[in-house]
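Below are the chains, spelled out letter by letter.
2 protein chains.
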Amino acid sequence: MNVTAMKVDNGVNVEALLGARTALTEAPEAARFKWRATCDWIRGTHSRTTVQGFYGLGAEQSRGKSFRYDADHPELFASEDNGATPVEFVLVALASCLTAGIASVAQNRNIQLRSVKATLEAGMDMQGILGIDNEVRNGFDGIKVTFHIDADATREEIAALVAQSQRRSAVFDIVTNPTNVAVEVAR
Amino acid sequence: MNVTAMKVDNGVNVEALLGARTALTEAPEAARFKWRATCDWIRGTHSRTTVQGFYGLGAEQSRGKSFRYDADHPELFASEDNGATPVEFVLVALASCLTAGIASVAQNRNIQLRSVKATLEAGMDMQGILGIDNEVRNGFDGIKVTFHIDADATREEIAALVAQSQRRSAVFDIVTNPTNVAVEVAR
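One line per chain: the protein sequences are A and B, in this order.
The first sequence begins at 1 in the working numbering and counts up one residue at a time.
The second sequence begins at 188 in the working numbering and counts up one residue at a time.
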């Protein structure tokens with residue numbers, strides 16, 4: 001067995017990402033992306049959101065396929081539980097963003113991952129959205145993310161991986177910092 | 188045809204929601220919920236997040252089923268596009284939260300909805316997450332949501348529905364205001 005020939009492979013094409021970084025440094029306009037979704041109300045609190053194309057590298061990007069996500073409220077709220085509730089989709093977004101980041105940073109640092117599991121828990125006082133107490137916010141009062149990581153690395157290296165993923169995570173930024181949302185009704 | 192017997196029906200059980208509001212006003216501890224998700228890394232930027240139980244009304248709530256969401260990055264980033272990209276899940280969350288709110292508020296205001304469609308677009312400058320420019324944030328630079336609503340209501344009533352949904356939306360709050368996220372690595 002030729003040990004020196006064994007290469008770290010987390011399935012991330014770091015060369016392509018570093019190439020993209022170089023290319024976009026020289027063409028910053030190409031780095032301006034637009035992500036999109038369309039949502040159709042089905043009935044009650046049940047909706048279906050479709051994710052398909054996006055804009056980037058100066059052009060429309062069609063995936064040639066679409067992803068559909070049913071969302072609903074749980075039966076506890078007299079709904080039909082046809083999908084995760086909207087706030088749970090925020091946890092899906094955060095978990096998947098941090099996890100993809102860990103794999104990418106690990107690849108770049110030549111660390112072989114064996115398994116990565118994240119458990120997320122977010123507190124929410126329903127007195128907010130139910131309009132019981134205006135002092136209570138509608139959203140989460142905080143999110144706790146716990147990673148269990150098995151990798152060819154020291155505890156310190158693993159902690160540094162997670163910290164770097166956090167620093168570069170789009171969803172971590174969106175959740176921890178304010179983002180402007182403009183809502184309008186079409187004529 | 189007995190017109191007076193026709194009732195507005197958007198599929199939302201407003202009586203149950205108002206009952207919950209009354210019950211939780213008297214028992215604020217029961218209003219403290221915990222939403223959860225677990226995420227398993229698959230390979231590369233591909234992960235699978237599972238949403239199952241949550242805590243609320245003072246007890247663990249099992250759905251008796253789970254929802255699974257694959258997330259990945261698009262092929263443009265040398266990934267395999269096995270699911271929506273994490274930031275697109277933020278749009279799913281926001282769209283579905285505002286849409287469920289519109290249906291609930293419409294039911295409470297006795298307004299029959301015929302169709303509700305939301306289109307969302309979020310700008311993002313990839314110079315942030317790629318580490319090209321530290322002045323550029325990692326997340327969205329803003330989100331625009333446009334609703335197309337067909338309902339038995341005036342334009343003003345429809346605009347007021349959307350505004351009230353926004354005021355009571357958990358995800359709108361999470362995106363527009365900061366939420367603390369604590370990330371740790373388990374021993």
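Heads up, a few of these hints could be off.
Unchecked claim - Cut-off 25 Å, straight-line C-alpha distance, at most; resulting in silico cross-link-like pairs (DSS-like, lysine-lysine): (1) K331(B) - K65(A); (2) K331(B) - K144(A); (3) K252(B) - K34(A); (4) K117(A) - K304(B); (5) K65(A) - K221(B).
As the list claims (entries may be wrong) - If we take Cβ atoms under 10 Å as the criterion, some of the chain B residues that face chain A in the derived model are: (6) V195; (7) P215; (8) C226; (9) S234; (10) Y242; (11) Q248; (12) R296; (13) N297; (14) M311; (15) L348; (16) A350; (17) S352; (18) I361.
Hints listed in this document are in silico derivations from the structure and should not be mistaken for laboratory results.
Even for Gly, the Cβ is constructed at its ideal location relative to N, Cα and C.
Check each numbered hint from earlier against the structure, then list the numbers of those it violates in ascending order.
2, 3, 4, 5, 6, 12 and 13
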